[in-house]
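Just so you know, the protein sequences line up as chains E and A, in that order. Each residue of the first sequence is one higher than the one before, starting from 1 at the first, in my numbering. Each residue of the second sequence is one higher than the one before, starting from 1 at the first, in my numbering.
Derived by calculation from the structure, the hints in this document are not laboratory data. In this text, a Cβ means the ideal position worked out from N, Cα and C, and glycines have one as well. Do not rely on the hints blindly, as some may be mistaken.
[Claimed, not checked] Cut-off 27 Å, straight-line C-alpha distance, at most; resulting in silico cross-link-like pairs (DSS-like, lysine-lysine):
no. : chain 1 : residue 1 : chain 2 : residue 2
1   : A       : Lys223    : A       : Lys71
2   : A       : Lys223    : E       : Lys87
3   : A       : Lys39     : E       : Lys24
4   : A       : Lys255    : A       : Lys279
5   : A       : Lys148    : A       : Lys71
6   : A       : Lys255    : E       : Lys87
7   : E       : Lys52     : A       : Lys39
8   : A       : Lys324    : A       : Lys257
9   : A       : Lys274    : E       : Lys52
10  : A       : Lys193    : A       : Lys65
11  : E       : Lys87     : A       : Lys193
12  : A       : Lys43     : E       : Lys24
13  : E       : Lys52     : A       : Lys324
14  : E       : Lys55     : A       : Lys324
15  : E       : Lys55     : A       : Lys255
[Claimed, not checked] Restraint ranges, calculated between C-beta atoms of paired labels, are given here:
no. : chain 1 : residue 1 : chain 2 : residue 2 : range
16  : E       : Ile35     : A       : Asp343    : 18 to 28 Å
17  : A       : His270    : E       : Lys52     : 16 to 26 Å
18  : E       : Glu28     : A       : Gly299    : 21 to 31 Å
19  : A       : Arg156    : E       : Pro19     : 45 to 55 Å
20  : A       : Thr177    : E       : Ile54     : 51 to 61 Å
21  : E       : Glu31     : A       : Arg60     : 51 to 61 Å
22  : E       : Ile62     : A       : Lys257    : 38 to 48 Å
23  : A       : Gly256    : E       : Ile54     : 18 to 28 Å
24  : A       : Asp133    : E       : Tyr60     : 45 to 55 Å
25  : A       : Val143    : E       : Pro19     : 55 to 65 Å
26  : A       : Thr4      : E       : Thr61     : 23 to 33 Å
[Stated by the list, open to error] Chain A stretches covered by chain E per the calculated footprint, using a threshold of three residues with CB under 8 Å from any CB of chain E:
no. : stretch
27  : 33-43
28  : 230-241
29  : 244-257
30  : 309-319
31  : 335-341
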Amino acid sequence: MSNTEKGIQITLIDTDTLPSLPNKTLLESIEAKNIEVPYHCRDGFCGACRCKLIKGDVDYTIDPLAFIDDDEVLLCCSVPLTDVTLKLE
Amino acid sequence: MKYTTFNQNSINTLAEPMFFGNPVNVARYDQQKHPIFEKLIEKQISFFWRPEEVDVSRDRVDFQKLTAPEKHIFISNLKYQTLLDSIQGRSPNIAMLPIVSLPELETWIETWSFYETIHSRSYTHILRNLFSDPSEIFEDIVVNEEIKRRATDISRYYDDLIFATQLWQTQGVGTHTVNGEVHVISLRELKKKLYLCMNSVNALEAIRFYVSFACTFAFAERKLMEGNSKIIRLIARDENLHLSSTQHILNLWAKGKDDPEMAEIAEECHEEAKAIFLKAVEQEKEWAEYLFASGSMIGLNKDILCQYVEYIANQRMSAIGMGKPFDISSNPLPWMNNHLNSDNVQVAPQESEISSYLVGQIDSAVGEDDFEDFEL
Numbered sequence: 001m002s003n004t005e006k007g008i009q010i011t012l013i014d015t016d017t018l019p020s021l022p023n024k025t026l027l028e029s030i031e032a033k034n035i036e037v038p039y040h041c042r043d044g045f046c047g048a049c050r051c052k053l054i055k056g057d058v059d060y061t062i063d064p065l066a067f068i069d070d071d072e073v074l075l076c077c078s079v080p081l082t083d084v085t086l087k088l089e
Numbered sequence: 001m002k003y004t005t006f007n008q009n010s011i012n013t014l015a016e017p018m019f020f021g022n023p024v025n026v027a028r029y030d031q032q033k034h035p036i037f038e039k040l041i042e043k044q045i046s047f048f049w050r051p052e053e054v055d056v057s058r059d060r061v062d063f064q065k066l067t068a069p070e071k072h073i074f075i076s077n078l079k080y081q082t083l084l085d086s087i088q089g090r091s092p093n094i095a096m097l098p099i100v101s102l103p104e105l106e107t108w109i110e111t112w113s114f115y116e117t118i119h120s121r122s123y124t125h126i127l128r129n130l131f132s133d134p135s136e137i138f139e140d141i142v143v144n145e146e147i148k149r150r151a152t153d154i155s156r157y158y159d160d161l162i163f164a165t166q167l168w169q170t171q172g173v174g175t176h177t178v179n180g181e182v183h184v185i186s187l188r189e190l191k192k193k194l195y196l197c198m199n200s201v202n203a204l205e206a207i208r209f210y211v212s213f214a215c216t217f218a219f220a221e222r223k224l225m226e227g228n229s230k231i232i233r234l235i236a237r238d239e240n241l242h243l244s245s246t247q248h249i250l251n252l253w254a255k256g257k258d259d260p261e262m263a264e265i266a267e268e269c270h271e272e273a274k275a276i277f278l279k280a281v282e283q284e285k286e287w288a289e290y291l292f293a294s295g296s297m298i299g300l301n302k303d304i305l306c307q308y309v310e311y312i313a314n315q316r317m318s319a320i321g322m323g324k325p326f327d328i329s330s331n332p333l334p335w336m337n338n339h340l341n342s343d344n345v346q347v348a349p350q351e352s353e354i355s356s357y358l359v360g361q362i363d364s365a366v367g368e369d370d371f372e373d374f375e376l
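Chain A extracted, bound-state conformation (with noise of 0.2 Å):
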């Protein structure tokens, strides 16, 4: 079906599925076939925030302190975090607008994608703030190899599912040959790959940014690196909001709510469900031992980390009806929630975090002799 910016047919929107159905025309949420949609955009709209009212200045001087293996862990991170907001900023729009149908979902997913690139805006902040010259960091995520890998696996699911419904919306169903290789495009197979790509992007929003996030709250448990960590609380804020979206979506069709075709194909991939979420716990254990293979930090180490995931994971699988595959009931890293907890991050206009409101008007420095007149 070729895709079209506004669709001229009358269109009852409350009785198409989520995806695959009509092209949406009219840009309207007085209604909503699944308003859960609607909620999350205007959740995700009330979280609104810029890098540049997080004043990161301290962080400079923190750095200089770290350790080399504590500067590659920190580093590394946000190399890892700079691919995946990267991906995230413009996937969903690239491979979801073209073939959702709800205007709700539709918006949300832009409104989604938007946030991405916040935080992708957000690495270059922390990075301009640390480097002189941060290049050097942004050019090493096309060579490193342990990233490289990651990114493969997170992009394939979306490049599948894009070039397939290019090839369906230009050519229609039916076996085409491209460049010498054949596809066969069919509906069912439009939707197998949708169903495998959303659940790709769950896995990324449910455990993908974890063990960079235990990291920086664990520089943060030290007093290290507080302005990145309190971007890192907002960022992983929006992102618990994302996956909870996610979430929504792959329960929406198992449970039979949105397009039955789709209950049968979730049925039907649950295996290879599973094994893409299992895959993605796999790589971010991989990536704990890459992070720590030179050297540790205080209060964190690879094993520790593995835990976490496995910790969360379990959680997060659940949600989706994949059970709980790993032997871990207790949280091994108790302080993480403190900051992930919604409460610590909101973010006031008086609160001096907010470089915008009190330019010139606070000085952060303080130094050993600033109190000496000062008596009781």
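With the rest of the complex left out, here is chain E (with noise of 0.2 Å):
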């Protein structure tokens, strides 16, 4: 419910919550709150923006090429389905 009223909200671990924002990549939402996160290629393969997936569900824009472990997401090519919580690397 919570979702409804005050939209998916990112948490970053020892960071900030914030608020996803629409039609934004994980990484579009949290550059927009002037948080320095990795990032090369901005297209999925080359992995600069890997990092933990704590808690919460993703779903990626493009085909991600770059390695990500089982508990990782690429920033430059997901959006959040729910509420999620990230570790920066």
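Please dock the two separately framed chains into a single complex, following the hints provided.
Written out as structure tokens, the structure is:
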């Protein structure tokens, strides 16, 4: 229920909690709050924005080609489906 | 096992390991053991570019304006990149194709190496524009001690694997004496050599280009050598993709998702592999020192470059389970990301940089008096 009231929330461990912006990737939503996140290609193949997904579900906007472990996500090409908790690398 | 260019036995490639299984026979991509390599091929092909598409003619004027230390930095980096791509344009093919067992991985290796040859061609394109005779630059690559030292370290793992594979494929498993030297060949030893070689290549793709990239993009930030920078952006995009492939290979092994013996070897050789990466980091830092020995350039110095190497090494080492050995978490050169962003390298034919599309249609030189009779 809280999702419809507040929208989807992105929690960054040790950093901040912020709203997921509509039609924006996780990377774009985090950058909108002026938080520095590593990135290079912004196209899912370099892996620079790889980070740990502690809780929640994401969907990919494109097929990620960079190596990501089972508990990791690529911020540049994923959108949250639920509230998510991330640990930036 | 003797190599054959067309293995006439029926093989189920879905049950083969990446390397040291049966030689590949049919080049088929309808089914894949590791679909990631097929995806990488498609992505890499979608990146196709030709050096001649990028207009570097303005760089000649910029180059004349550089200070002597800046010229040293620019040319030395081109020499080093020429060395790296000379090696990468042939070595994955020679070292890995004789032992690969999956069609999608075989084709990935060929595609990967082919793109490195495009990079090599682009260095000639850049240098031909700057010098009427670039021979002196190319000839120095095999003489320059700084470059040679790096060449030795990069090529030795490849050479080791290639030689051992040749012995194995011609003489088989056992102890062989060649020119008075005794070589013990076993499949386990070969796999170890492959593992170390893959780590060396991974370190190359991960960090060896980045001191050079940083210098190039620092020039571009000052609106200098922009044609060159455009080419290097295309190269950097390719290298990031190549790195993704070596990371996938290493992780497939380490996580036991391919050859179980390679998982054992990954564990056994973990420290040795880490040492290979750390040595590459050291060499890159020494390279930064060599570049800046005779003077600096605006926007960059040796210390900040070394920090950047450590920053990027942390990212790339953690991707293959080597942790983050360096105490740096913030990007010391944040503007680098703009140049490594894939969106900023897309080339559309209508863009003026593609000279072949606009031959004779655009005069890229704009003089002060060109707007003289222009009124609003």
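Against the structure, the hints come out as follows:
Proximity of lysine 223/A to lysine 71/A is assessed by CA-CA distance (about 15 Å); at most 27 Å being required, the pair is judged to hold. Using a Cα cut-off of 27 Å, the hinted pair lysine 223/A and lysine 87/E is violated, with the two alpha carbons roughly 37 Å apart. Note on lysine 39/A and lysine 24/E: the hinted pairing holds, with a Cα-Cα distance of about 25 Å set against a maximum of 27 Å. Note on lysine 255/A and lysine 279/A: the hinted pairing holds, with a Cα-Cα distance of about 25 Å set against a maximum of 27 Å.
The hinted pair formed by lysine 148/A and lysine 71/A meets the criterion: a straight-line CA distance of about 20 Å does not exceed 27 Å. Distance restraint check for lysine 255/A and lysine 87/E: the Cα-Cα separation of roughly 22 Å lies within the 27 Å cut-off, and the hinted pair is therefore satisfied. Taking the CA atoms of lysine 52/E and lysine 39/A, the gap is about 24 Å. The hint holds against a cut of 27 Å. Taken as a hint, the lysine 324/A and lysine 257/A pair is honoured in the structure, with Cα atoms around 24 Å apart against an allowance of 27 Å.
For the suggested pair lysine 274/A and lysine 52/E, the alpha carbons sit about 22 Å apart, so the restraint of at most 27 Å is met. Of the pairs offered as hints, the one joining lysine 193/A and lysine 65/A is violated, with about 47 Å between alpha carbons and a cut-off of 27 Å exceeded. As the CA atoms of lysine 87/E and lysine 193/A are separated by approximately 36 Å, the hinted pair breaks the 27 Å bound. Pair hint lysine 43/A plus lysine 24/E holds up; C-alpha atoms about 23 Å apart against a cutoff of 27 Å.
The hinted pair formed by lysine 52/E and lysine 324/A meets the criterion: a straight-line CA distance of about 15 Å does not exceed 27 Å. For the hint linking lysine 55/E to lysine 324/A, the alpha-carbon distance of about 23 Å falls within 27 Å, and the restraint holds. In summary, the hint linking lysine 55/E to lysine 255/A is supported, as the alpha carbons are separated by about 23 Å, within the 27 Å threshold. Roughly 20 Å separates the CB atoms of isoleucine 35/E and aspartate 343/A, a value that falls within the hinted 18 to 28 Å.
One distance hint, 16 to 26 Å for the beta-carbon pair histidine 270/A and lysine 52/E, holds here, with the actual separation near 21 Å. Hint check: glutamate 28/E to glycine 299/A, Cβ distance near 28 Å, so the stated range 21 to 31 Å holds. In this structure the supplied range 45 to 55 Å holds for arginine 156/A paired with proline 19/E, their Cβ-Cβ distance being about 53 Å. Roughly 57 Å separates the CB atoms of threonine 177/A and isoleucine 54/E, a value that falls within the hinted 51 to 61 Å.
The supplied range of 51 to 61 Å is broken by glutamate 31/E and arginine 60/A, whose beta-carbon atoms lie about 38 Å from each other. Checking the proposed 38 to 48 Å range against isoleucine 62/E and lysine 257/A shows it is violated: the Cβ atoms sit about 23 Å from each other. Hint check: glycine 256/A to isoleucine 54/E, Cβ distance near 25 Å, so the stated range 18 to 28 Å holds. Aspartate 133/A and tyrosine 60/E have their C-beta atoms about 50 Å apart, which keeps the hinted 45 to 55 Å range intact.
The given range of 55 to 65 Å is respected by valine 143/A and proline 19/E, whose C-beta atoms sit roughly 59 Å from each other. Range check, threonine 4/A to threonine 61/E: about 44 Å between beta-carbon atoms, so the 23 to 33 Å window is missed. Note: the stretch 33-43 of chain A has 4 residues with beta-carbon separation from chain E under 8 Å; the three-residue rule is met and the coverage holds. Under the rule that three or more residues need a Cβ within less than 8 Å of chain E, the assignment of the stretch 230-241 of chain A holds, with 3 such residues.
Counting residues of the stretch 244-257 of chain A whose C-beta lies closer than 8 Å to any C-beta of chain E gives 4; at least three are required, and the coverage claim holds. Three residues within the 8 Å Cβ limit are the bar, and the stretch 309-319 of chain A against chain E gives 3, so the coverage statement holds. Look at the stretch 335-341 of chain A against chain E: 3 of its residues bring a Cβ nearer than 8 Å to a Cβ of that chain, three or more, so the hint holds.
This entry does not satisfy hints 2, 10, 11, 21, 22 and 26, going by the numbered hints stated previously.
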